[in-house]
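J.: The primary structure of each chain is shown beneath.
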Amino acid sequence: MKKLNETQLQELEQDLNAIRDEVLADLGERDARYIRRIIRLHRTLEIGGRVMMPFGFIPPVFVAATASLGIAKILENMEIGHNVMHGQYDWMNDPDLHSQTYEWDTVCTADSWRRTHNYEHHTYTNVIGKDRDYGYAVLRLSDEEKWKPRHSLQFINYILLSVLFQWGVGLHELESEKLRRREIRWRDKLPFLKEFARKGGRQAFKDYVFFPLLTLPVAPIVLAGNIGANLIRNLWSSTVIFCGHFTQDAETFSEEECEGESKGHWYLRQLTGSSNFTGGRWLHILSGHLSYQIEHHVFPGLPAHRYPEISEKVQAICHKHGIPYNTGSFAKQYGTVLNRIARYSLPDRVRTRLEGGSAPQAI
Amino acid sequence: MLERVTQSKTLHWLGRQLSNQDNPASWLDPLMTRINPMWIQAYTPARVEHVVQETEDTRTFVLRPARRWTGFQAGQHVNICTEIGGVRRNRTFSLSSSPLLWESQGLVTLTIKRLPGGLVTNWLHDQVEPGQVIGLGEAFGEFLIPEPAQPVLFIAGGSGITPVLSQLETMAAQDYPAPVTLLYFVRTRRDVIAGEKLRGLVSRHSSLTVQVIATNESEEPRFLKGEDLDEIPGLKSREVYLCGPKGLMDLANDLLHQRGITEDRIHSTFFAPPAPARLEGDELGGQVTFTQSDLQVGSEDDANLLEIAEAAGLKPQYGCRMGICHQCSCRKTSGTVINRLTGQVSGPGEENVQLCISVPRGPVSVDV
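First to last, the protein sequences are chains Z and W. Just add 48 to wherever you are in the first sequence, counting from 1, and you've got this note's numbering. Just add 1 to wherever you are in the second sequence, counting from 1, and you've got this note's numbering.
The hints are simulated quantities; they were obtained by calculation from the structure and are not laboratory data. These numbers come from a predicted model, not from an experiment. Positions of the beta carbon are idealized from the N, C-alpha and C atoms, including for glycine. Take the hints with a grain of salt, since some may be wrong.
Unchecked claim - Selected chain W positions facing chain Z (in silico; Cβ < 8 Å): (1) W103; (2) I214; (3) T216.
As the list claims (entries may be wrong) - Distance windows between CB atoms, simulated: (4) E308/W - T55/Z: 57 to 63 Å; (5) S335/W - Q296/Z: 49 to 55 Å; (6) Q297/W - Q296/Z: 42 to 48 Å; (7) W330/Z - E308/W: 32 to 38 Å; (8) P239/Z - Q288/W: 32 to 38 Å; (9) E309/Z - Q18/W: 42 to 48 Å; (10) E308/W - G328/Z: 44 to 50 Å; (11) W124/W - P239/Z: 43 to 49 Å; (12) R85/Z - S335/W: 31 to 37 Å; (13) L241/Z - D265/W: 54 to 60 Å; (14) E284/W - W330/Z: 45 to 51 Å; (15) V298/W - I204/Z: 52 to 58 Å; (16) E284/W - K194/Z: 41 to 47 Å; (17) G86/W - K194/Z: 35 to 41 Å.
Unchecked claim - Examples of chain W residues lying across from chain Z (beta carbon under 7 Å, computed): (18) N21; (19) A26; (20) S27; (21) G87; (22) I325.
Could you build all of it, start to finish, from the sequences and the hints given here?
T.: Structure below.
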């Protein structure tokens with residue numbers, strides 16, 4: 049990681065705080081209008097998708113209905129749910145947009161998400177051993193984790209994780225790796241499993257039981273469309289999220305580096321551990337502005353639609369402090385993610401030989 | 002506070018499964034604000050029918066709430082909510098009309114004085130026009146006409162007249178049999194709210210006496226005096242209702258106690274305007290009330306609400322403790338806090354705060 053001394057870190061902190069304060073002071077009607085417009089679009093797409101779905105025996109209608117519902121779920125999860133739960137709109141004082149009470153349209157309960165994502169991931173970003181989002185305890189993405197034979201098939205795991213992403217995220221807090229290592233007991237996880245079953249059941253009931261039954265004569269079509277919509281959302285959100293921290297140059301950190309760190313050091317870690325991708329306005333909206341992952345990690349509490357505006361200032365600060373700002377086209381960034389998953393599935397000796405470097409010293 | 006109770010349990014359950022919202026009826030609200038705001042479900046929408054200028058700084062807003070509103074009793078208050086600059090603001094006002102107007106014509110009125118520097122009252126005066134929709138909560142409050150009828154004395158000051166107007170109108174309509182006296186204190190005669198209505202009530206209702214006293218028209222301020230009370234026939238047998246600025250209420254309480262009127266016969270209500278913002282850093286700290294836990298503790302200096310709660314043995318949800326994760330966000334129901342990160346001073350009303358970066362300035366209540 050780029051090293052800065054305490055004075056430089058303090059300066060970095062002040063520079064970034066200034067951006068944050070400027071946006072906070074400017075929050076108001078524009079932000080409220082934006083999020084309400086997205087919510088209206090979400091409601092329209094969801095209703096549209098649900099209403100069209102029973103007519104899915106006409107192939108183009110099936111495609112439109114599935115896409116409409118899939119995009120609705122993407123918008124709700126990425127641009128509304130994720131961002132609302134970060135407290136980005138708490139200042140609006142609208143009980144329906146409050147970080148602590150919002151519940152989203154996916155298997156993972158909002159409470160579990162706030163613990164594992166808002167707290168663990170955003171506080172200990174990319175700290176190997178602390179940030180369980182790094183590889184989701186399923187994938188090996190850094191040589192700080194020791195290679196094991198099971199890693200050689202991790203590309204299949206990655207595809208499975210993407211296809212079933214909402215269930216993977218829902219089960220994230222189970223900490224299956226710790227159960228496997230017997231560090232925790234199943235008994236400890238009972239309250240979590242109960243909540244998981246309740247929310248997972250609710251989501252499955254809605255999409256796979258209630259709406260198909262409601263339109264019984266065409267139930268298989270509705271079921272297929274609903275599965276399709278969930279699949280679209282799963283693949284897209286997984287892809288976007290993987291582009292946020294697992295690209296070529298996104299850095300990882302050790303627990304020792306981060307012990308008792310200052311806010312400036314935390315900022316530095318967010319800047320170097322995250323990566324952006326470029327694209328059109330709708331690509332950003334559909335990614336919940338996680339295409340501006342760097343800005344999001346530095347300012348998780350600022351309304352996400354502001355990230356494009358502050359991105360230039362953040363880049364200028366990075367430039368000033370000599371900190372790399374990791375961005376590129378969506379295709380390029382995603383390519384490096386796939387490459388990383390593939391590379392680290394190999395034993396280090398094979399991997400380094402392929403990379404053309406020298407084998408690391410004995411570990 | 003503003004949510005209404007939803008119909009059947011099964012439907013509510015199903016709505017929650019489908020919408021993931023505890024109040025599923027409001028799922029469509031964002032669309033309804035565009036289609037017809039009177040169909041909003043999160044609160045009872047009320048359309049502004051017209052606005053009457055009462056005095057230079059006081060207006061009466063005539064509202065038509067959606068029919069599902071449950072009504073009120075004379076002397077009660079309501080919370081209204083409205084969005085100003087993207088922020089939802091909740092404020093409490095007295096209903097100034099009689100419940101009869103609601104029952105017969107579906108209308109209610111709020112009589113609101115412009116507070117200097119007040120965000121919501123100024124917005125109401127400057128921005129609200131007929132046709133606009135604001136949110137209404139259910140009515141509440143114990144400032145009610147005695148039943149069965151007993152002699153009554155009202156002492157009102159300034160805009161404190163508003164709940165009294167509702168009561169006098171209701172009493173006149175039922176030809177309230179016991180004597181009713183109103184001592185109405187205003188700065189100058191020009192500040193009399195609803196003067197014409199009061200005159201009409203006196204001529205219609207034989208047992209009503211109204212005395213308007215201007216405090217600031219003579220050289221010496223003319224406040225409430227012992228003689229004012231002594232002149233009221235059968236003072237000792239009256240139920241007394243006080244509504245006005247704190248000075249008037251304190252003075253009235255003292256004078257009434259001196260005359261042997263016991264506490265149980267005195268009914269007070271007032272919503273004080275927010276204290277002006279103080280900027281000194283050494284004014285931090287204050288009494289913190291944790292409403293859910295029914296606990297009160299003092300705090301000093303720049304201790305934040307999370308630390309204060311934990312020192313008091315509470316365990317509110319928290320995460321990063323540095324203002325990032327919003328795990329500790331919760332409702333502040335009253336009081337002013339300073340955001341430790343930005344130095345920003347909060348409003349006095351109900352809103353969301355992050356416990357770990359909120360430092361109380363003066364008394365604060367939080368829903369923990």
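J.: So, W103/W near chain Z? Judge it on the closest CB pair being under 8 Å.
T.: Since chain Z brings no Cβ nearer than about 26 Å to W103/W, farther than 8 Å, the hint is violated.
J.: Is the shortest C-beta separation between N21/W and chain Z less than 7 Å?
T.: Given a least distance of 4 Å, the restraint on N21/W holds.
J.: Given a hinted range of 45 to 51 Å, is it respected by the beta-carbon distance of E284/W and W330/Z?
T.: holds, 49 Å
J.: Cβ-Cβ distance between E309/Z and Q18/W: within 42 to 48 Å?
T.: holds, 43 Å
J.: For the hint 41 to 47 Å, verify it against the beta carbon of E284/W and that of K194/Z.
T.: violated, 56 Å
J.: Honestly, do R85/Z and S335/W meet the 31 to 37 Å range at C-beta?
T.: holds, 33 Å
J.: Taking 8 Å as the limit, does the beta-carbon of T216/W come near enough to a beta-carbon in chain Z?
T.: Violated - the Cβ of T216/W stays beyond 8 Å from chain Z, reaching only about 37 Å at its closest.
J.: So the hint says 32 to 38 Å: do the beta-carbon atoms of P239/Z and Q288/W match that?
T.: holds, 35 Å
J.: Between E308/W and G328/Z, is the Cβ distance one that fits in 44 to 50 Å?
T.: holds, 46 Å
J.: Less than 8 Å between beta-carbons is the criterion; does I214/W satisfy it with respect to chain Z?
T.: Violated: closest Cβ of chain Z sits about 40 Å from I214/W, beyond 8 Å.
J.: Against chain Z, run the beta carbon of A26/W and see if the smallest gap drops under 7 Å.
T.: violated, 11 Å
J.: Classify the hint on I325/W as holds or violated, based on whether any CB of chain Z lies nearer than 7 Å to its CB.
T.: Holds. Min distance 6 Å.
Hint compliance for this structure: hints 1, 2, 3, 4, 6, 7, 16, 17, 19 are broken, all remaining hints hold.
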